[in-house]
Amino acid sequence: MNQLSTARTLGRRDVLRGAAAMAAAGTVVLTLRPAHATPEKTAEVMGKLIGGKTAKEGRVTLTMPQIAENGNTVPLTVSVESPMTEKDYVKAVHILADGNPEPAVATFGFTPQAGKAEISTRMRMAKTQNIWAVAEMSDGSAWMAKTEVKVTIGGCGG
Amino acid sequence: MAKARIRLPSSAKKGEVIEIKTLVNHAMESGQRKDSAGNVIPRKILNKMTATFNGKEVLNATLHPGISANPYISFFTKVEESGTFEFTWTDDDGTVTKETADITVG
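Line order of the protein sequences matches chains A and B. For the first sequence, my numbering begins at 1 and goes up steadily by one. For the second sequence, my numbering begins at 1001 and goes up steadily by one.
Be a bit skeptical, because a hint or two may be false.
[Claimed, not checked] For lysine-lysine, the following DSSO-like pairs were computed, each having C-alpha atoms within a straight-line distance of at most 30 angstroms:
1) B/LYS1013 - B/LYS1078
2) A/LYS127 - B/LYS1034
3) A/LYS41 - B/LYS1048
4) A/LYS41 - A/LYS91
5) A/LYS116 - B/LYS1078
6) A/LYS127 - B/LYS1021
7) A/LYS91 - A/LYS116
8) A/LYS48 - B/LYS1048
9) B/LYS1013 - A/LYS87
10) B/LYS1098 - B/LYS1056
11) B/LYS1013 - A/LYS91
12) B/LYS1044 - B/LYS1098
13) B/LYS1034 - A/LYS41
14) B/LYS1014 - B/LYS1044
15) B/LYS1034 - A/LYS116
16) A/LYS146 - A/LYS41
17) A/LYS146 - B/LYS1014
18) A/LYS91 - B/LYS1034
19) B/LYS1048 - B/LYS1003
20) B/LYS1048 - B/LYS1021
21) A/LYS53 - A/LYS116
22) A/LYS48 - B/LYS1056
23) B/LYS1034 - A/LYS87
24) B/LYS1048 - A/LYS127
25) B/LYS1048 - A/LYS116
26) A/LYS87 - B/LYS1014
27) A/LYS56 - A/LYS87
28) A/LYS91 - B/LYS1021
29) A/LYS150 - B/LYS1021
30) A/LYS150 - A/LYS127
31) B/LYS1078 - A/LYS127
32) A/LYS127 - A/LYS87
33) A/LYS116 - B/LYS1013
34) B/LYS1021 - B/LYS1056
35) B/LYS1098 - B/LYS1048
36) A/LYS48 - A/LYS146
37) B/LYS1013 - A/LYS150
38) A/LYS116 - B/LYS1098
39) B/LYS1003 - A/LYS91
Worth flagging that the hints you see were computed from the coordinates, not collected in a lab. Keep in mind it's a predicted model, so treat the numbers as computed, not measured.
Given these sequences and hints, build the entire structure.
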């Protein structure tokens, strides 16, 4: 009740002053936000992770929701087509995010004992962006999948 | 100290591929957040996880701040014999959290 009556007595000038103050505060908040990675930066990080090789599209399946309401915890599953034998197995799976402050999210190292090249985890997403899953095989080849996830509320803090 | 939870079957057939689910209670402070006074909250995450079976490596993971709080990781392994899984998580400050789980294979 008290707040309502205050609002009613606010004059046009007060409102304008308030808006200006808010705009100024907004600028400060924006400059404090961490810089985000770009697809180029992410490709560079990926290149380093897989030793300068180029990853081809295929063999990797990345399962994620198309829309994540809460960027703090977005589930993902990566599975890779591989027999997982001593001769032919997945050595590592890298997960990258091209719009997070740091593109590298996680690296999982496998052994032939896995039996199945699949991993599930939960990640943070600062904003709508592409998530990349890259698999390094024992024969030296690298494969990848990419998917766009829309984020309603970002999950990296400000 | 982080608290870890493990879920896997207590028994399996020889050569069966089983799923192992792990979850650790940990804030995974990203180092990107600021407190109310505008100071950066220092990064503190579990940066490494390993799983071994009877001393042999099954999985290793390098985790970055992009992994959610209370990190959840599920993966698979083929079991050929009874034994013990050992899981470790290493914190940025060097603290190591350990957890073990047994399986009977027959």
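Here is what the structure says about each hint:
no.	hint	result
1	B/LYS1013 - B/LYS1078	10 angstroms, holds
2	A/LYS127 - B/LYS1034	18 angstroms, holds
3	A/LYS41 - B/LYS1048	24 angstroms, holds
4	A/LYS41 - A/LYS91	24 angstroms, holds
5	A/LYS116 - B/LYS1078	8 angstroms, holds
6	A/LYS127 - B/LYS1021	28 angstroms, holds
7	A/LYS91 - A/LYS116	12 angstroms, holds
8	A/LYS48 - B/LYS1048	19 angstroms, holds
9	B/LYS1013 - A/LYS87	24 angstroms, holds
10	B/LYS1098 - B/LYS1056	16 angstroms, holds
11	B/LYS1013 - A/LYS91	26 angstroms, holds
12	B/LYS1044 - B/LYS1098	18 angstroms, holds
13	B/LYS1034 - A/LYS41	25 angstroms, holds
14	B/LYS1014 - B/LYS1044	40 angstroms, violated
15	B/LYS1034 - A/LYS116	41 angstroms, violated
16	A/LYS146 - A/LYS41	15 angstroms, holds
17	A/LYS146 - B/LYS1014	36 angstroms, violated
18	A/LYS91 - B/LYS1034	37 angstroms, violated
19	B/LYS1048 - B/LYS1003	15 angstroms, holds
20	B/LYS1048 - B/LYS1021	16 angstroms, holds
21	A/LYS53 - A/LYS116	24 angstroms, holds
22	A/LYS48 - B/LYS1056	28 angstroms, holds
23	B/LYS1034 - A/LYS87	48 angstroms, violated
24	B/LYS1048 - A/LYS127	25 angstroms, holds
25	B/LYS1048 - A/LYS116	21 angstroms, holds
26	A/LYS87 - B/LYS1014	21 angstroms, holds
27	A/LYS56 - A/LYS87	21 angstroms, holds
28	A/LYS91 - B/LYS1021	20 angstroms, holds
29	A/LYS150 - B/LYS1021	27 angstroms, holds
30	A/LYS150 - A/LYS127	7 angstroms, holds
31	B/LYS1078 - A/LYS127	37 angstroms, violated
32	A/LYS127 - A/LYS87	40 angstroms, violated
33	A/LYS116 - B/LYS1013	16 angstroms, holds
34	B/LYS1021 - B/LYS1056	18 angstroms, holds
35	B/LYS1098 - B/LYS1048	12 angstroms, holds
36	A/LYS48 - A/LYS146	18 angstroms, holds
37	B/LYS1013 - A/LYS150	42 angstroms, violated
38	A/LYS116 - B/LYS1098	24 angstroms, holds
39	B/LYS1003 - A/LYS91	29 angstroms, holds
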